[in-house]
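Spelled out from the first residue to the last, the chains are:
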Amino acid sequence: MERLQELIDREREARELRRREADWNYINSLPPRVRAAIKLFIETGNLRLSQKVSGLGLEEFVEHLRRANVWVT
Amino acid sequence: MEAIADTSFLVDWARFSHRDLLFRVFRVVWIPEDVLNEVQSERTLMWIADRLASGDMSLFPLLPEYRDRALRLVELSRRGPTRGLDFPEAYCIAVAEDRGYIALSENGAAYAAQFLYTTARVWRAYEVLWELRSRGLVPDDAIFTYQEETKHKFPQRDIQRWRDCRS
Chain Y
1 MERLQELIDR
11 EREARELRRR
21 EADWNYINSL
31 PPRVRAAIKL
41 FIETGNLRLS
51 QKVSGLGLEE
61 FVEHLRRANV
71 WVT
Chain H
74 MEAIADTSFL
84 VDWARFSHRD
94 LLFRVFRVVW
104 IPEDVLNEVQ
114 SERTLMWIAD
124 RLASGDMSLF
134 PLLPEYRDRA
144 LRLVELSRRG
154 PTRGLDFPEA
164 YCIAVAEDRG
174 YIALSENGAA
184 YAAQFLYTTA
194 RVWRAYEVLW
204 ELRSRGLVPD
214 DAIFTYQEET
224 KHKFPQRDIQ
234 RWRDCRS
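If you read the protein sequences in the order shown, they are chains Y and H.
Residue 61 in the numbering used here sits at position 61 of the first sequence, and the numbers go up by one each step.
Here the numbering used here runs 73 ahead of the position in the second sequence, where the first position is 1.
Hints listed in this document are in silico derivations from the structure and should not be mistaken for laboratory results.
From a predicted model like this one, the values you see are computed outputs, not experimental measurements.
Where is the CB? At the ideal position from N, CA and C, for every residue including glycine.
Do not take every clue at face value.
To spell it out: a stretch of chain Y is covered by chain H in this simulated footprint if at least three of its residues, at any positions, have a beta carbon under 8 Å from a beta carbon of chain H; those stretches are [to be verified]:
1. 7-15
2. 42-48
3. 54-62
From chain Y, some residues computed to sit far from chain H (all C-beta separations above 10 Å) [to be verified]:
4. Tyr26
5. Asn28
6. Leu30
7. Pro32
8. Arg33
9. Ala36
10. Trp71
11. Thr73
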């Protein structure tokens with residue numbers, strides 16, 4: 001139970017970090033589909049679902065996350 | 074020790090200047106065919122091709138017994154309170170739990186899986202760096218070098234733990 005709570009806390013902290021450190025100027029400069037996918041990733045952390053929404057390959061999508069200061073954790 | 078790596082681990086680790094230290098920890102790093110199909114950048118592909126040629130990496134085929142187990146893990150994970158697994162990570166975990174490999178992934182769902190519904194061990198770059206430091210192969214600041222070079226950021230609680238356990 002303690003471990004489960006730690007995992008849930010980790011998820012919450014990761015989401016807060018993604019929200020806080022995201023470069024919104026960069027994100028808002030992207031095409032709508034990629035922008036929506038990055039927002040989805042920030043909120044859910046679900047990498048492949050977000051990548052599918054973006055229409056990009058996984059590595060290309062991760063590169064956009066990197067440029068947007070959104071961390072994959 | 075042997076490992077099986079997913080894309081989220083490889084695309085970051087390939088940017089690290091000491092990336093080949095990975096093979097001081099693992100005799101072989103297996104790459105599932107599906108994972109190889111996801112890698113697109115020249116940097117990552119060239120590194121993988123080089124290591125496949127040297128025998129440090131090897132391709133892992135899609136085997137039906139692991140595919141079925143991976144699909145069950147995906148379904149199981151999506152019932153739980155944490156993030157659900159996707160198939161590529163689940164496949165690595167399915168292979169790792171049967172063969173005793175370490176699954177390498179930066180995906181939080183894969184990290185959580187090892188505490189919830191699989192006996193497989195899942196390492197992020199963090200655990201690999203930890204192992205390298207414990208063997209004296211990287212200095213204390215390696216984790217910060219890794220973050221700088223790869224633009225991958227570790228959770229604050231893990232950074233604190235790293236600082237608290239200086240070698």
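Structure-based check of each hint:
Only residues whose beta carbon comes within less than 8 Å of a beta carbon in chain H count, and the region 7-15 of chain Y has 6; three or more means the coverage holds. Check result for the region 42-48 of chain Y against chain H: holds, 5 residues qualifying (beta carbon to beta carbon below 8 Å, three or more required). With 5 residues bearing a CB less than 8 Å from a CB of chain H, the region 54-62 of chain Y meets the requirement of three and the coverage assertion stands. Under the 10 Å C-beta cut-off, the non-interface status given to Y:Tyr26 relative to chain H holds; the minimum distance is some 13 Å.
Consistency note on Y:Asn28: stated as away from chain H, and its beta-carbon is indeed over 10 Å from all of that chain's, at 20 Å minimum. The claim that Y:Leu30 lies off the interface holds: its Cβ sits roughly 17 Å from the closest Cβ of chain H, which is beyond the 10 Å cut-off. No beta-carbon of chain H comes within 10 Å of the beta-carbon of Y:Pro32; the shortest separation is about 22 Å. Every C-beta of chain H lies more than 10 Å from that of Y:Arg33, the closest at about 18 Å, which supports listing it as non-interface.
The claim that Y:Ala36 lies off the interface holds: its Cβ sits roughly 19 Å from the closest Cβ of chain H, which is beyond the 10 Å cut-off. Chain H draws Y:Trp71 into its interface by the beta-carbon criterion, the shortest separation being 4 Å against a cut-off of 10 Å. Non-interface status of Y:Thr73 relative to chain H is broken: a Cβ of that chain comes within 10 Å, the nearest being about 5 Å off.
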